[in-house]
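Same order as they appear, the protein sequences are chains A and B. So the first sequence is numbered by my numbering: it starts at 1 and just counts up by one. So the second sequence is numbered by my numbering: it starts at 174 and just counts up by one.
Take the hints with a grain of salt, since some may be wrong.
[Claimed, not checked] In silico SDA-like pairs for lysine to any residue, Cα to Cα no more than 20 Å straight-line:
(1) A:K147 with B:A181
(2) A:K147 with B:E180
(3) B:K465 with B:H434
(4) A:K147 with A:S162
(5) A:K147 with B:D179
(6) A:K147 with B:A182
(7) A:K147 with A:R117
(8) A:K147 with A:P161
(9) A:K147 with A:R22
(10) A:K147 with A:N71
(11) A:K147 with A:A137
(12) A:K147 with B:T459
(13) B:K465 with B:D429
(14) A:K147 with A:A63
(15) B:K422 with B:D464
In short, the hints are calculated from the structure, not lab data. Quick caveat, the model's predicted, so the values are computed rather than measured.
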Amino acid sequence: MRDRSPGRDEDFVRFAAGRRTRLFRTAFLLCGDRHTAEDLLQQTLERAYVAWHRVSGADDPDAYVRRIMVNEHARRFRRPLRESLTTQVPEPRDGGGSDWHETRSALLGALAALPPRQRQAVVLRYWEDLSESQTAAAMGCSVGTVKSQAARGIARLRGTPSLGGLMNAGGTS
Amino acid sequence: MTDRQDEAATIGALLAELAEREPLPALSYDALLHGGRRRRTRRRVARTAGAALAALAATAAVAVALPDGRGTGAGPAATAPTAATTAPAPTRPATPATTAGHDPLTPTPRVLLASGTDSKGHHWQVYARMWYAAGTPDIAYQQLLAVWRDEGSVPAHKPDRSYADHQQIGEDYVQTELWIDGVHTHAQGDFFEADSPGFGLGHLTSVPSFEQGQGPVDGFPNAVCLGWNKSQSSPAVAATEAIRPDIVKVTVRWPDGTVAHPALVTVGRSPDRFLAFPCRAGQVATASGYDKHGTELLRTRVHGW
Chain A
1 MRDRSPGRDE DFVRFAAGRR TRLFRTAFLL CGDRHTAEDL LQQTLERAYV
51 AWHRVSGADD PDAYVRRIMV NEHARRFRRP LRESLTTQVP EPRDGGGSDW
101 HETRSALLGA LAALPPRQRQ AVVLRYWEDL SESQTAAAMG CSVGTVKSQA
151 ARGIARLRGT PSLGGLMNAG GTS
Chain B
174 MTDRQDEAAT IGALLAELAE REPLPALSYD ALLHGGRRRR TRRRVARTAG
224 AALAALAATA AVAVALPDGR GTGAGPAATA PTAATTAPAP TRPATPATTA
274 GHDPLTPTPR VLLASGTDSK GHHWQVYARM WYAAGTPDIA YQQLLAVWRD
324 EGSVPAHKPD RSYADHQQIG EDYVQTELWI DGVHTHAQGD FFEADSPGFG
374 LGHLTSVPSF EQGQGPVDGF PNAVCLGWNK SQSSPAVAAT EAIRPDIVKV
424 TVRWPDGTVA HPALVTVGRS PDRFLAFPCR AGQVATASGY DKHGTELLRT
474 RVHGW
């Protein structure tokens with residue numbers, strides 16, 4: 001089997017360890033529940049391992065892996081009934097207060113209501129803080145599509161009754 | 174700051190708070206490496222297996238006991254079900270390179286992994302066949318185009334030769350196919366779209382239920398969904414590729430207690446074996462693989478779509 005050298009694995013593990021926090025959080029926002037997000041993270045990193053020679057040799061390895069994750073998320077969504085986003089959100093694990101629980105539920109519900117491309121555009125633009133061109137590269141689409149998808153996503157979030165007040169108030173803190 | 178910038182900042186802050194309050198999962202790097210390796214071998218199986226195994230592929234018989242009793246026993250070793258649906262012949266260079274006397278541009282005959290009939294009376298079959306390893310980059314590229322043509326997934330633009338990188342050289346390729354009512358669906362590479370009709374438009378992709386952290390019990394890394402019914406009233410078909418050689422038995426258990434034992438089938442000269450079994454819509458099965466001593470070496474959950 002090729003490319004099973006310890007050095008290759010060590011490089012990959014080092015890379016994965018350094019990115020897992022951010023990748024998981026992005027996966028969580030895309031998927032809406034932690035179990036599906038864990039699956040998405042796992043699959044993303046496995047695919048990154050398979051293509052490690054390309055990932056590690058890329059000008060921007062993070063962008064390469066982000067693209068893998070977005071593709072994998074899109075692929076999952078296209079499987080009927082596999083998308084796990086729901087407005088019936090599970091209880092949080094962090095013991096946050098009731099205010100945060102309500103905010104969390106509202107956010108997850110609002111994200112769940114977005115079509116996946118809009119959700120991807122919103123998450124990549126406003127959580128990953130990518131530029132429009134970087135988002136377009138991750139989503140495999142044009143900058144114009146990113147603009148329209150993100151704008152529609154934001155508009156839908158703004159139109160969500162439970163989120164409208166939060167956005168007008170400038171967040172929870 | 175403009176209103177739009179302010180709004181974007183607020184959205185960013187909300188998303189950040191949502192994401193950052195979620196506890197991080199444990200990540201097993203060993204499981205990750207194993208999963209990555211197996212994913213690599215999913216289609217590119219080692220070329221070192223004895224060529225004698227190829228003979229088995231042509232004669233292997235399989236038997237799949239469907240848990241709901243609607244499945245069929247296995248048919249004889251497969252040939253292409255209908256000539257009319259056979260993919261176009263690959264483009265051949267003047268002097269094809271071969272490995273160990275095998276033409277990398279001519280796949281083995283199809284081997285039936287499993288078959289059955291869904292609740293709407295559609296007969297499905299899952300086949301596999303091997304494309305022998307290409308020895309040179311040129312042949313690897315020709316083989317890649319041939320495989321893509323066969324799968325109906327050649328991109329509109331001429332594929333870059335870099336697609337046929339070193340991963341396509343020196344390693345055999347096992348291709349899995351879903352046939353519905355005698356027609357090859359050419360499903361691989363296609364996505365199910367909401368307005369697509371019916372069964373058989375699945376995407377060949379991994380089942381995402383990889384389990385971790387169970388000591389020697391590991392996940393099936395290569396379960397693939399080959400098709401499903403849009404209405405969810407029919408069972409999806411799940412296939413698991415590249416069951417490692419030391420697994421001699423696979424058991425699939427359903428929540429109602431029924432059990433299936435899908436056959437492990439040799440494809441070409443692959444040292445790994447292959448299987449397929451039907452899912453049940455909306456149900457989660459547990460599939461386990463055992464060695465000759467009855468020790469459970471593999472386990473995964475398989476979701477019915």
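Cross-check of the supplied hints:
Between K147 of chain A and A181 of chain B the CA atoms are separated by roughly 13 Å; this keeps the pair inside 20 Å, and the hint holds. Between K147 of chain A and E180 of chain B the CA atoms are separated by roughly 15 Å; this keeps the pair inside 20 Å, and the hint holds. Simply put, K465 of chain B and H434 of chain B have alpha-carbon atoms about 15 Å apart, close enough for the 20 Å limit, and the pair holds. As the CA atoms of K147 of chain A and S162 of chain A are separated by approximately 24 Å, the hinted pair breaks the 20 Å bound.
Only pairs whose Cα atoms come within 20 Å are accepted, and K147 of chain A paired with D179 of chain B is accepted, the gap being roughly 17 Å. At most 20 Å may separate the alpha-carbon atoms for a hinted pair to count; K147 of chain A and A182 of chain B meet this at roughly 16 Å. In summary, the hint linking K147 of chain A to R117 of chain A is supported, as the alpha carbons are separated by about 11 Å, within the 20 Å threshold. Between K147 of chain A and P161 of chain A the CA atoms are separated by roughly 23 Å; this puts the pair beyond 20 Å, and the hint is violated.
The hinted pair formed by K147 of chain A and R22 of chain A fails the criterion: a straight-line CA distance of about 23 Å is larger than 20 Å. Proximity of K147 of chain A to N71 of chain A is assessed by CA-CA distance (about 19 Å); at most 20 Å being required, the pair is judged to hold. Annotation: proposed proximity of K147 of chain A to A137 of chain A holds, straight-line Cα distance about 13 Å (limit 20 Å). Note on K147 of chain A and T459 of chain B: the hinted pairing is violated, with a Cα-Cα distance of about 43 Å set against a maximum of 20 Å.
At roughly 27 Å between alpha-carbon atoms, K465 of chain B and D429 of chain B are farther apart than 20 Å, so this suggested pair is violated. A threshold of 20 Å between alpha carbons decides the hint, and for K147 of chain A with A63 of chain A the separation of about 19 Å falls inside it, so the pair holds. For a cut-off of 20 Å, the pair hint linking K422 of chain B to D464 of chain B stands: about 7 Å separates their Cα positions.
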